[in-house]
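K.L.:
So the chains spell out like this:
Protein chains: 2
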Amino acid sequence: MKFNTSPISGTQELLPAEQSVFDRLKTQIANTYKRYGFLNIETPIIERTEILLAKAGGDTEKQIYFLTKTAETSKTAETNKTAETKDLPDQALRFDHTVPLARYVVEHNQSLSFPFHASQINRNYRGERPQRGRFRELYQCDIDVIGRDHLPLAYDAKVIACIHDALQTFNLPPLTIRISNRKILASFLETLNLSEKLPEISSIIDHAEKVSPEKTQHALESLTLSPAQVEQITTFMHIKGAYETVEQNLKNLLNDQFENLKTGLSELKTVFDLLNKKPNISNIEIDFMIIRGLDYYTGTVFETFLNDHRAIGSIASGGRYDNLASNFSSQKFPGVGGSIGLTRLFFVLNDEKLLNTEATFPIDYVLLPLSENEYATALLLADKLRASNHSVDIDFTTKKLGDRFNRAAKISQNAIVIGESEASSHSFEIKNLQTGTTTPLILD
Amino acid sequence: MKFNTSPISGTQELLPAEQSVFDRLKTQIANTYKRYGFLNIETPIIERTEILLAKAGGDTEKQIYFLTKTAETSKTAETNKTAETKDLPDQALRFDHTVPLARYVVEHNQSLSFPFHASQINRNYRGERPQRGRFRELYQCDIDVIGRDHLPLAYDAKVIACIHDALQTFNLPPLTIRISNRKILASFLETLNLSEKLPEISSIIDHAEKVSPEKTQHALESLTLSPAQVEQITTFMHIKGAYETVEQNLKNLLNDQFENLKTGLSELKTVFDLLNKKPNISNIEIDFMIIRGLDYYTGTVFETFLNDHRAIGSIASGGRYDNLASNFSSQKFPGVGGSIGLTRLFFVLNDEKLLNTEATFPIDYVLLPLSENEYATALLLADKLRASNHSVDIDFTTKKLGDRFNRAAKISQNAIVIGESEASSHSFEIKNLQTGTTTPLILD
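These protein sequences, in sequence, are chains A and B.
Note that the first sequence covers residues 11 to 454 in my numbering.
Note that the second sequence covers residues 11 to 454 in my numbering.
For the record, the hints were derived by calculation from the structure and aren't laboratory data.
One or more hints might be untrue.
No copy labels: a pair is met if it fits in one copy or bridges any two.
[Claimed, not checked] Below, in silico cross-link-like pairs of lysine-lysine (DSSO-like), each with a Cα-Cα straight-line distance of 30 Å or less: (1) K342 - K12; (2) K394 - K207; (3) K420 - K207; (4) K288 - K394; (5) K65 - K79; (6) K44 - K420.
Being a predicted model, the structure only gives us computed values, none of them experimental.
Start from the sequences, fold in the hints, and give me the full structure.
P.N.:
Put into structure tokens, the structure is as follows:
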């Protein structure tokens, strides 16, 4: 029979040259996270269903990949299932890093020192309907700072600064980090006596950039708001800029009632001011259009956009949550986190030709022994070059020399031919496979 | 309700300090593979069931984790299932790197240059009954060289040499790489007119080290062999050492019929001689007890044992297969591969106290600003230190200084207190958290 050998749709399978670019970006993120003091952890990709669904609603369940085994019997099934999970398989693939992190912190909290700085760079799984640029298997590069009982606001700035520096290593075109604080919108709507419509209005603001202004206005009107309220909300969501600008705009909008917003504004000012003390940062903007869809954020929220490629959407985002582990523990673990969605970012950067895809050759030297008599010399030379951290390929094929040069040129810039005279003299020449010129090899 | 926050049994979840040792070993393996010219690739963890079961027998199916979604309908199911897979879910988790590699090579063969050198360092999934030291989620670090139509024997030596060098970076106690060639046993049994019992006898030899000699003898006798045949096989399986020793022993055992074994012996000699030309290798031994359980090996096979910890079993193994992709393609892709089972190796090394677990501190400097007035100075200093590739933690908590020093000492050897005078003078002292001594910080 004929097999379909393409990778499953919604997964990203790269050729070796693309993979090496991807791996380089991943390493750059990991190194930045490490320099900021985040400790790498790895949680299993497989989790208990009841842990994954502890908080989530029905939509999450629809996206989860459950695990089954053909030999599964009721004997191996766990029996303490909750009502919501009792008809589902016991185990499933995690859909993000946050739920496993919450479980990890609760499970190991006696062994961790707080504020705990965790980084997680790994794949998550979402059973979304596959479409261009949406992945079912995706790398996410997360950092989180988890406090015990209390976590200062300075950590919000730290997470954003670290994500900023990680992205800086990519040499991307200009980008803007847009930050806000969810408490401000909540207090604003309270002031307008619209608290009970917070979820709907949040969702409308969150989508406002993806649709026309008319559609947003219509969506607000359909909530049975007064024309004045629609106008106030529309004005609010377009407030952005430096802190002083934002504060002045809010004062103009709210007059005396401005004071109601002070908790959120004071948090936002603290984070914004700290970020502006960082020497190499100039692309942070307060922007009330930033909401973040996920409902567990409680304060600071941020998203990151390439200025000339806004349609790509946010390439890195995150925020503050008051209690990471509220579902699993009575202890309080406030946290703040951020994430770079690397699989999707790689896809769009590649698609928009924004990646440095300069031909990079993975192999430093290809050795071409002319016959088996020169294998010993080739092995010795390879060992020496590898000891100096060079990557070395020995071509042991017996094809024509021209074919062997062609293969070498695909993976390296340098070939070293080893014939009788090189084997006896132990002196070698490096042939540049682009120019054809040769230079003597100098060994340490 | 109370949740079980432990990781699922059969997974390895590490604390940050253990994780950093694990990550170090993984990086050392990756760097060695790279120096040998292997190109990293990453295949999806999720695969089509029909690909995973194309060759495997019923035992594999029992170990596979299948994926289901609650919203799954027959519309999304693929319809070209084979008879064997039609009652199973369409997608599953891969159980090794070899099957996905075969699919990858067939799918992308037009874009690859052969001999293709692939490395894969990632997790695989096996639904085994969990037991101490056996994992359901496990890192395997594979290298494979895949030829097109033909692949010289020198690549067998290359794979073994590379695995050897990767293990050398671990500073393990003395180990021995034991190699054999499956063609020798096959020819030997043909000579004894026992070819049809090759599978049973292979299995008995493969298990011989794990049971008593009497049990092995009894197992052979139960195959209705003559006492002479049992004795010849027993003698054969104990042959080991350098090539000349092995050859002499076989001559003694077989007299004139020795010539029947020449293909396998010539291959073995080629690989063994090449390995012995490598400067830093001295722990290779031919050993006919080495068979490898997996039936796809067709020539060279090898396993690696710690001399003083044989009970751990093989820590790295592999071999030659004549046709990687026979199930998916009519093209011939002969290959040779090797694998280090890192999750299990880490577990046993840790268990046997063979890991270098010297207290390593993940953070180079912990900065302790005494109040918010010093945050700007701390951020500046952190940026400078990070630019020199140091990992820096800024402690923004407002706890007592003693508590902050205690936290710092858990993650670092060095603290830098930043008070009013440091903020104004911009000169800093490093406090060694073990000894309490201070030295001035010299910035570039």
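K.L.:
For this structure, which hints from the list above don't hold up?
P.N.:
Of the numbered hints, 2, 3 do not hold.
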